[in-house]
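J.: Each chain, written out:
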Amino acid sequence: MSTVFERVSKVIVDRLGVDESEVKLEASFREDLGADSLDVVELVMELEDEFDMEISDEDAEKIATVGNAISYIESKIS
Amino acid sequence: MGLVGKCAVVTGASRGIGRAIALHLASEGAKVVVNYSGSEQKALEVVEEIKNNGGEAIAVQANVAESDSVQNLMKTAIDTYGSIDILVNNAGITRDNLLMRMKENEWDDVIDTNLKGVFLCTKAVTRQMMKQRSGRIINISSIVGVAGNAGQANYVAAKAGVIGLTKTTAQELASRNILVNAIAPGFITTEMTEALPEEIKETMLKQIPLAKLGQPEDVAKAVVFFASDSANYITGQTLQIDGGMVMA
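Just so you know, the sequences run in chain order B and C. Position 60 of the first sequence, counted from 1, bears residue number 60 in full-length UniProt numbering, the numbering being contiguous throughout. Position 144 of the second sequence, counted from 1, bears residue number 144 in full-length UniProt numbering, the numbering being contiguous throughout.
Bear in mind the hints are in silico, worked out from the structure with no lab data behind them. Hints are not guaranteed to be accurate.
Taking lysine-lysine pairs in the DSS-like style, the calculated list, with each CA pair at most 25 Å apart, reads [stated by the list, open to error]:
1) B:Lys76 / B:Lys62
2) C:Lys212 / C:Lys201
3) C:Lys123 / B:Lys62
4) C:Lys131 / C:Lys116
5) B:Lys10 / B:Lys24
6) C:Lys75 / C:Lys51
7) B:Lys62 / C:Lys131
8) C:Lys116 / C:Lys75
9) B:Lys10 / C:Lys131
Make the full structure from the sequences, and use the hints.
T.: Pasting the structure below:
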């Protein structure tokens, strides 16, 4: 079973076309990974599918970095 | 026009222009979700007619001004046909009155259905269309939204709003291959225009260079065009179908 980080990382690499080595906890989707606002919305959608959860608009707005996404998901699935 | 296998949701499709749009999309091969608010019988007749012509359709009740109702409509469409390729925001009402006499609820009702309804339906299909990396949204505005019309402040404000919403939605979703256009019909023969007083109809006719009212089919054919591959490079536009009444 892959870790949450590995699964999130794969979604980001597939969606944003970045190199796996760029996906670090502190990396900002928009500042560091070249995502525009619509990319972030789509990324959240794909994370919802990957982890079979619903992320509310309010929560989604707080997800700006890879670390934000992972800690949010871990708080929901554990 | 090659819409075979595509799923189209048409709001307010039980009567008038919406009915003609549903029938035309179906005749091009689209599977049509015939949305209605109150006229269940009329909606079922549209479904029946599509099926008799060898097409596929279902009728789904929903009030486009209510978020939960809209969510249910789109979910039913996806559960039934597996995708939403075309959304036609057609549902509309009128509560005509002079501005000075217009009641607040007359204003609110028309804005809620004719403008907020377009927002809610569009928002509800974007997730699906973004995943598909394709989609067509066609908003039915009105020529009065371009030119104004005494006695229809609420309707005109909503229909002008739809044109602005069309442009913004087109800009936000173009990168995902979702194309959004509006149609602004002029005076089309429907129950809505039949209800107008005779003298108003005569005055209107004098303003139309083609000197006749349009038919619902005239609008439906343009919807089919916007939904088809013929319109692959068109987004954010408003097409007036008004017999030449308003020339900007």
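J.: If a hint holds in the structure, say so; if it doesn't, say that too.
T.: Now for the hints, and whether the structure bears them out:
1. B:Lys76 / B:Lys62: This hinted pair holds, its Cα atoms lying about 15 Å apart.
2. C:Lys212 / C:Lys201: holds, 10 Å
3. C:Lys123 / B:Lys62: holds, 21 Å
4. C:Lys131 / C:Lys116: Roughly 24 Å separates the two Cα atoms, so the pair holds.
5. B:Lys10 / B:Lys24: Between B:Lys10 and B:Lys24 the Cα gap is close to 12 Å, so the pair holds against 25 Å.
6. C:Lys75 / C:Lys51: holds, 22 Å
7. B:Lys62 / C:Lys131: With Cα atoms ~22 Å apart, B:Lys62 and C:Lys131 stay inside 25 Å; holds.
8. C:Lys116 / C:Lys75: holds, 19 Å
9. B:Lys10 / C:Lys131: holds, 17 Å
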